[in-house]
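S.K.: For reference, the chains in residue letters:
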Amino acid sequence: MIKFINLMLLILSFFTTMAQELKIDISYKYIYANHWDKIVQTYNFSRPFNSNNQPLLMNGFNSSVSRIFKPNNNISHGLNVSYSYFRSSAEDQNFTNNLNLHFLNLGYIFHYQNQEKSKAFYADFILAITSSGLFRNLNGASFEYDNKKSIALSIGSEVDIKFGYSLQKSNNQYLSPFIVIGYIPYFYSPNTETVINQTKGLVEKNWTTILISQIGVAYHFR
Amino acid sequence: MERRDFIKQSTFFSIGGLLIPSLFLSSCRKELLLEDFQYTGKVLIIGAGAAGLYAGYILKSKGIDFQILEASANYGGRIGKLSGFAKYPLDLGAQWLHGKNSIVGELVSQSGAKITLDNSDEKYWFKNKIVSSLPKDINTIFTRETNLPDISFKDFAIQEGFGNDYNNIVEGIAGDSGAAASRISAYWKIKEEENWISGDDDFKFEETYFDLIDSQIASKVQDNIKLNTIVKKINYTESSIVITDSNNNTYSGDKVIVTVPITILKSNAIEFIPSLSLDKTSAFSKIGMDAGMKVFLKFNNKFFDQNIIGGSTSASYSDESIGKQQDDNVLLAFIMGKQAEYLTSLGNEEDIKNALLQELDSMYNGQASASFISYHVQNWTTNPFIKGAYSYSTIGMGDARQISAQSINKKIYFAGEAMNFNGHHQTVHGAIETGYKEVINILNDIKK
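Protein sequences appear in the order of chains A and B. The first sequence begins at 0 in numbering that gives the first Met the number 0 and counts up one residue at a time. The second sequence begins at 0 in numbering that gives the first Met the number 0 and counts up one residue at a time.
Okay, chain A solo, but in the shape it has when bound (with noise of 0.2 Å):
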């Protein structure tokens, strides 16, 4: 994980000496990725022993940087990176099950913005490869089996459409709140069942699909 982030991190300032803006965003994000739903709501089912319930893996928050090359164009492109969290906690008396959900994702942004009519309107076209790793806690500690951890990794890949409004502060600055709608037509992920229910192959299927949307606020200086 580590060596992924320095490498975008490196590519990142390879293109910051052509680059033209940059844009800094934090949003609330929902996911609905009815496969995993469904794993969850097996082990709700399942396990009458817990008194509460574990929430579906739903609410998180996201965080990315991109960077725009040409941005006075009507249409320009750049690069994206994200990272997003949900965590899914239920507490019991003896038992607190915590999952925590993490996704990175590295993207490829077409922007549009006419420069001409409705200039502070913008609309982004992110096509991405996501991943995400998936940690079961149990009372506190990472959850191992066998000395290894509970770890459930996937991938896939994603398409999202980013709808903005940029906001002057200053001669280079902006500030603007957005929407986002993605989707990510098959995120392969054949060990969530068994991080979650303990299963294989009893929910369903190892892969989902997922429906994404975010609600947030962007900085970005030229």
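Incorrect hints may appear among the rest.
Capping the alpha-carbon separation at 27 Å, the derived lysine-lysine pairs in DSS-like fashion look like this [claimed, not checked]:
id, chain 1, residue 1, chain 2, residue 2
1, B, Lys-190, A, Lys-204
2, A, Lys-199, B, Lys-231
3, B, Lys-231, B, Lys-265
4, B, Lys-409, A, Lys-204
5, A, Lys-204, B, Lys-61
6, A, Lys-204, B, Lys-410
7, B, Lys-190, A, Lys-148
8, A, Lys-148, B, Lys-153
9, B, Lys-265, B, Lys-153
10, A, Lys-199, B, Lys-59
11, A, Lys-199, B, Lys-410
12, B, Lys-190, B, Lys-285
13, A, Lys-148, A, Lys-2
14, B, Lys-446, A, Lys-199
15, B, Lys-232, B, Lys-265
16, A, Lys-204, B, Lys-447
17, A, Lys-204, B, Lys-279
18, B, Lys-285, A, Lys-199
19, A, Lys-199, B, Lys-447
20, B, Lys-190, A, Lys-147
21, B, Lys-61, A, Lys-199
22, A, Lys-199, B, Lys-190
23, A, Lys-199, B, Lys-279
24, A, Lys-204, B, Lys-446
25, B, Lys-59, B, Lys-410
26, B, Lys-410, B, Lys-80
27, B, Lys-122, B, Lys-153
28, A, Lys-147, B, Lys-113
To be clear, the hints were calculated from the coordinates, so they are not data collected in a lab.
Keeping the supplied structure of chain A fixed, place chain B upon it in accordance with the hints.
M.R.: Okay, now just chain B, sitting in the frame of chain A:
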């Protein structure tokens, strides 16, 4: 556009853009939950083993009417407890928690039950000597990473160069799977365990497995269990299913979960009306379940090793004090397959005990008979409602478990360790998984 207008519009679009899909998706989520789902029908469960008890526990938690019909005088199935024989309680049936990554592992954490990793030493009875290691490592040939042929363990071991000297060692390895080495398939055993994810470490309970199941599951459904009820007939011709027991009492329900051991289904001890399909009965016949017994031998001193593999009377002996708080000199003879068939054929428990003592005497220079105090035989083979140990993978087995586990006409459902085709057959947690899975299947079928 004025800033105020912008704020109005962007707030409207943002909230709308986000909430409309979120609300739609949230309604889809509720649909899957089965939480608000009310079912007013009655579910009959046949068998009060781990699968039946757990299915009942789930139904009770959802407020669904059910009754468990158990043939024997006790609940628990192949899980039982022997108190008073030693300073600590003994497991008559299922004993080891096979890996912590399972629903039972969670139940252990939740309940605070104490378990200990069983990392006891293994020794072998090889060429009439007790040795710490074998000239050739046989354990590695039956690994999950290897693509094995669909032949028996015994034949595969011979093919790999483990000849007659290793016969009883191979018998001990097969015995872990509840089978005779000549009957269990090397290929299907590994194939079926591809989905095994609960972990390879074995744990022992400070109390017993039965205590956990009793306190955490059975106690919740005890009022719904009818003991000494031997089901003879299941008539599912009409919309209401009628079950008849050996005393001609009848029980009506809308759904039935059959959790009896595979030996009972294979022996046609229960008549289904209409008859089960040929596919179904043929699938049952492909699931193996051999004879199995546990014999506890108590001595006045600990002359024996923690584990001894390779005896010709019992291929596996183990020290029962492992994982217990108090020490006592109890040795368990864990006997499966042909060895269990032979000992059963002796006809009485005294002869079984004598045969085992004779073997232990030859291993330990007569110390067994000299320090022997008492014994207890738990022969699962002669139990008329069990008739064996646990299910195993036979040669040419294919998808027999999947076919066996399929429901019939959305009325009859099958659960139990033998019906687990997700890698956890032969285990208590595997049986439990099938128990709750069939309740989910029932509710999903009703919803449709």
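S.K.: Now, for every hint given, state plainly whether the structure supports it.
M.R.: So, going through the hints one by one against the coordinates:
1. B:Lys-190 x A:Lys-204: holds, 18 Å
2. A:Lys-199 x B:Lys-231: violated, 35 Å
3. B:Lys-231 x B:Lys-265: Distance of about 14 Å is within 27 Å: holds.
4. B:Lys-409 x A:Lys-204: Between Lys-409 of chain B and Lys-204 of chain A the Cα gap is close to 23 Å, so the pair holds against 27 Å.
5. A:Lys-204 x B:Lys-61: holds, 26 Å
6. A:Lys-204 x B:Lys-410: Satisfied, since the Cα-Cα distance of roughly 25 Å is no more than 27 Å.
7. B:Lys-190 x A:Lys-148: holds, 24 Å
8. A:Lys-148 x B:Lys-153: violated, 36 Å
9. B:Lys-265 x B:Lys-153: OK: Lys-265 of chain B and Lys-153 of chain B at ~25 Å, within 27 Å.
10. A:Lys-199 x B:Lys-59: Holds. Lys-199 of chain A to Lys-59 of chain B sits at ~26 Å (cutoff 27 Å).
11. A:Lys-199 x B:Lys-410: holds, 26 Å
12. B:Lys-190 x B:Lys-285: Measuring from Cα to Cα gives roughly 15 Å; hence the hint holds.
13. A:Lys-148 x A:Lys-2: Holds, at roughly 20 Å.
14. B:Lys-446 x A:Lys-199: Status holds; Cα separation ~25 Å.
15. B:Lys-232 x B:Lys-265: holds, 14 Å
16. A:Lys-204 x B:Lys-447: holds, 20 Å
17. A:Lys-204 x B:Lys-279: holds, 25 Å
18. B:Lys-285 x A:Lys-199: holds, 23 Å
19. A:Lys-199 x B:Lys-447: With a Cα-Cα distance of about 25 Å, the restraint between Lys-199 of chain A and Lys-447 of chain B holds, given a limit of 27 Å.
20. B:Lys-190 x A:Lys-147: holds, 23 Å
21. B:Lys-61 x A:Lys-199: holds, 24 Å
22. A:Lys-199 x B:Lys-190: holds, 14 Å
23. A:Lys-199 x B:Lys-279: holds, 24 Å
24. A:Lys-204 x B:Lys-446: Given that 27 Å is the threshold and the Cα spacing comes to 21 Å, the pair holds.
25. B:Lys-59 x B:Lys-410: Roughly 19 Å between the alpha carbons, so the hint for Lys-59 of chain B and Lys-410 of chain B holds.
26. B:Lys-410 x B:Lys-80: violated, 34 Å
27. B:Lys-122 x B:Lys-153: holds, 20 Å
28. A:Lys-147 x B:Lys-113: holds, 21 Å
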